[in-house]
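A.B. asks: The hints should help you fit chain B with the ligands onto chain A, whose structure is shown.
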Amino acid sequence: MEGVIDLELWQMISAYIFVIILLFIVKARGISREKEIIISSVRMTLQLILTGYILVYLFNYSNPLYTIVVIGLMEAFAIYTVFKRTKSKLSIPLKKIIAIAMLFGTLSSLFYFLLVVIKITPWYDNRYFIPIAGMLIGNSMTGISLGVTKLVDDIYQQRHLVESALMLGATPKAAVKDIVDKAFDSAILPTINSMVGMGIVFLPGMMTGQILSGTSPVTAIKYQIAIMLGILGSVSLTVILFLQLGYKTFFNEESQLVLPE
Amino acid sequence: MFLFINVKFKDILDIDKLHIHRHKVTSIVGPSGSGKTTLLRLLNKLNPFDSGDIFYNDQSLKDIPSIALRRNIVMLPQAPPIFEGSIKDNLLIGLKFSEQPLASDQQLMNMLKLVQLNKDMNEGTHNLSGGEKQRLALARVLLMAPEVLLLDEPSSALDEDTELVIINALVNYTKQNNKTLIMVTHSKKIANQFSDEIIEIKNGSVINHEEG
Ligand SMILES: Nc1ncnc2c1ncn2[C@@H]1O[C@H](COP(=O)(O)OP(=O)(O)OP(=O)(O)O)[C@@H](O)[C@H]1O
Ligand SMILES: [Mg+2]
Numbered sequence: 001m002e003g004v005i006d007l008e009l010w011q012m013i014s015a016y017i018f019v020i021i022l023l024f025i026v027k028a029r030g031i032s033r034e035k036e037i038i039i040s041s042v043r044m045t046l047q048l049i050l051t052g053y054i055l056v057y058l059f060n061y062s063n064p065l066y067t068i069v070v071i072g073l074m075e076a077f078a079i080y081t082v083f084k085r086t087k088s089k090l091s092i093p094l095k096k097i098i099a100i101a102m103l104f105g106t107l108s109s110l111f112y113f114l115l116v117v118i119k120i121t122p123w124y125d126n127r128y129f130i131p132i133a134g135m136l137i138g139n140s141m142t143g144i145s146l147g148v149t150k151l152v153d154d155i156y157q158q159r160h161l162v163e164s165a166l167m168l169g170a171t172p173k174a175a176v177k178d179i180v181d182k183a184f185d186s187a188i189l190p191t192i193n194s195m196v197g198m199g200i201v202f203l204p205g206m207m208t209g210q211i212l213s214g215t216s217p218v219t220a221i222k223y224q225i226a227i228m229l230g231i232l233g234s235v236s237l238t239v240i241l242f243l244q245l246g247y248k249t250f251f252n253e254e255s256q257l258v259l260p261e
Numbered sequence: 001m002f003l004f005i006n007v008k009f010k011d012i013l014d015i016d017k018l019h020i021h022r023h024k025v026t027s028i029v030g031p032s033g034s035g036k037t038t039l040l041r042l043l044n045k046l047n048p049f050d051s052g053d054i055f056y057n058d059q060s061l062k063d064i065p066s067i068a069l070r071r072n073i074v075m076l077p078q079a080p081p082i083f084e085g086s087i088k089d090n091l092l093i094g095l096k097f098s099e100q101p102l103a104s105d106q107q108l109m110n111m112l113k114l115v116q117l118n119k120d121m122n123e124g125t126h127n128l129s130g131g132e133k134q135r136l137a138l139a140r141v142l143l144m145a146p147e148v149l150l151l152d153e154p155s156s157a158l159d160e161d162t163e164l165v166i167i168n169a170l171v172n173y174t175k176q177n178n179k180t181l182i183m184v185t186h187s188k189k190i191a192n193q194f195s196d197e198i199i200e201i202k203n204g205s206v207i208n209h210e211e212g
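Going down the list, the sequences are from chains A and B. Residue numbering for the first sequence follows this note's numbering, starting at 1 and increasing by one per position. Residue numbering for the second sequence follows this note's numbering, starting at 1 and increasing by one per position.
Next comes chain A alone, as it looks inside the complex (with noise of 0.2 Å):
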């Protein structure tokens, strides 16, 4: 690609010579993270390669069969990270159900942007695909994580309150609408927040990344806004899903409020 600067090893080695001054400075300061820095920095560059490598080849011979190997992978470390991430004790219906919210949330989002507004052909080309199942998936990991932990969170500490609605006649349903309400609200919010803040606030860094190696701002810019309503759609769509079917595992079918201990 014409006027793109491909970086030398030594300009590589000049930008981890920035976080070695980085580190003296942590250093002199008394902060002791210097290890967290180290390993960091260390952990991110082998990712890195390791997936620029991976990337290269399935760039060079896309097949659709590892597009789904592919995809299977992300998904399934993204719902174990949920998993992880999750302070909150989960039950196993509710894992189930999380589960299932990612893959229906994330997928249905991912084909309706790749067949639908972008039209890729073949299907599975890798260098459209994988990037952009990469960003639906992570964030709506994120989206899903938060609204997990608010959802947990919030039935169990208010027990006594939904129980209370339920005493009241209350359907389920009814009875955790708020906490419903407000799980949802703690998903979306970041990215709600990344919207109102992009190209103003900062460039979105698959944006930066698409100038940088020379496509055209306009072009840049229309396919960051594609992917942000992807975005938006694919977290909603996956909370949604989680939401409607996670609350119901807190109940049981006399309508009774049970909580694993």
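These aren't lab readings, by the way, just hints derived from the structure by calculation. In this text, a Cβ means the ideal position worked out from N, Cα and C, and glycines have one as well. Be a bit skeptical, because a hint or two may be false.
Here are the simulated BS3-like cross-link-like pairs (lysine-lysine), alpha carbons at most 30 Å apart as the crow flies [as the list claims (entries may be wrong)]:
| # | chain 1 | residue 1 | chain 2 | residue 2 |
| --- | --- | --- | --- | --- |
| 1 | A | LYS150 | B | LYS133 |
| 2 | B | LYS10 | A | LYS95 |
| 3 | A | LYS150 | B | LYS189 |
| 4 | A | LYS248 | B | LYS62 |
| 5 | A | LYS173 | B | LYS62 |
| 6 | B | LYS188 | B | LYS8 |
| 7 | B | LYS189 | B | LYS133 |
Selected chain B positions facing chain A (in silico; Cβ < 10 Å) [to be verified]:
| # | residue |
| --- | --- |
| 8 | ASN47 |
| 9 | ALA79 |
| 10 | LEU95 |
| 11 | PRO146 |
C.D. replies: Coordinates of chain B with the ligands only, in the frame set by chain A:
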């Protein structure tokens, strides 16, 4: 109206046979931890029981859908929570939850008067005292006018004089409207003075049942 046959719930409650009658005021008394709240919760179908059966109008509770049941048999818990919003919101929320038509402001005012709550109903609830909150919660369930009222220590936060006035109003309301009132009380005096029947519970079993 309610009939218990060999009802067991964990090792908390064990009732061979118990009859609670329609259109009566029944008090449940007994020491702390004896199972009074648990008994009310079973009648409201809030806990599954392990064995035996409870009948309501000759129909097993197991055969009555919980939500429909709770709209006829409403329970006021021992420490009723206050919901978000104003006094009015809190009065109306029972009607909303049970999908009944909402009450007019006049009806709400009458109900506040009945529980001796002399407040503007558009005010918030943050400044209400413990006893005022308890009376607000009582007004909320009375407004729903259910067939059966299950009240768990409805006057525990009130001074003796207010307690007498409130329980008296409550009993009158029950009689006038042909309702059935089942209440847990820690006060033998209240139980003796106002109830038709007294059920005494100890260690999860009925040890005495005075029928009127
Ligand atoms: N779901 C439950 N699981 C296990 N134990 C319970 C459960 N609910 C109540 N208990 C226990 O059962 C016993 C009876 O409780 P309950 O609340 O019915 O007593 P109570 O007669 O209402 O007492 P108080 O007058 O203090 O309100 C208590 O020892 C309580 O700790
Ligand atoms: Mg009790």
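A.B. asks: Against the earlier hints, flag every one the structure doesn't satisfy and list their numbers going up.
C.D. replies: 3
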